[in-house]
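Engineer: Sequence:
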Amino acid sequence: PASPGGRFLLLDNRLAWFYRKGMRSNCLFCSAQFQAQALHENDHFYVLLDQNPVSCGHMLIIPKRHMETYFELLPEETVDLHPAILAARTLCHTDAVRTFYQEAIANPISETSTAWCREALDQWNAPVTGYNIGINNGTGAGQTVMHLHIHLIPRHENDMPDPTGGVRFVIPERANYRK
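388 is the number of the first residue of the sequence shown in the working numbering; add one for each residue after it.
The hints are simulated quantities; they were obtained by calculation from the structure and are not laboratory data.
Note that the coordinates shown come from a computational prediction; the quantities given were computed from them, not determined experimentally.
Ideal Cβ positions, reconstructed from N, Cα and C, are used throughout, including at glycine.
Take the hints with a grain of salt, since some may be wrong.
Cβ-Cβ distance ranges computed for the label pairs, FRET-style [unchecked claim]:
(1) 502 to 461: 34 to 40 Å
(2) 551 to 489: 21 to 27 Å
(3) 551 to 528: 17 to 23 Å
(4) 565 to 415: 37 to 43 Å
Whole structure, please, built from the sequences with the hints as guidance.
Structural biologist: Encoded structure:
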């Protein structure tokens, strides 16, 4: 049964309800194809693996309603964001992740994606020592897909010589404030 603002779609042999209100047909993250890849979803967000992972388990948390930046979230959406981030953290080292990387390598979408998925798979057994949670709001902040998405990036032991400064590396010369 359909409901106001939504409809049921049969994709990949599973019945899924996709929130259609406020979605754009020309937006990559609004597409049913992307949403069908979701490892988790709640009323306002879906979670999937980044096809160009920075590290093993790199997840994207994406609102179902189209918006460009974090500052457009409605109060009820912000309530659903935290549980979606926690779900992403739980999912980032499941067998689904390993399978995703193996399939991405076997069926490449780009040389970069394939190389990065290989590197992510090589990190599979490295202990997670932390997480970066990042949002690029606007082109000046590096946003290239103009639909809000939150990156959850697991950090692994020795993935870089000195992680001091973390997200401050968006401006490298200001990253390590201890020097």
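Engineer: Hint numbers the structure violates, sorted upward?
Structural biologist: Structure breaks hint 2 only.
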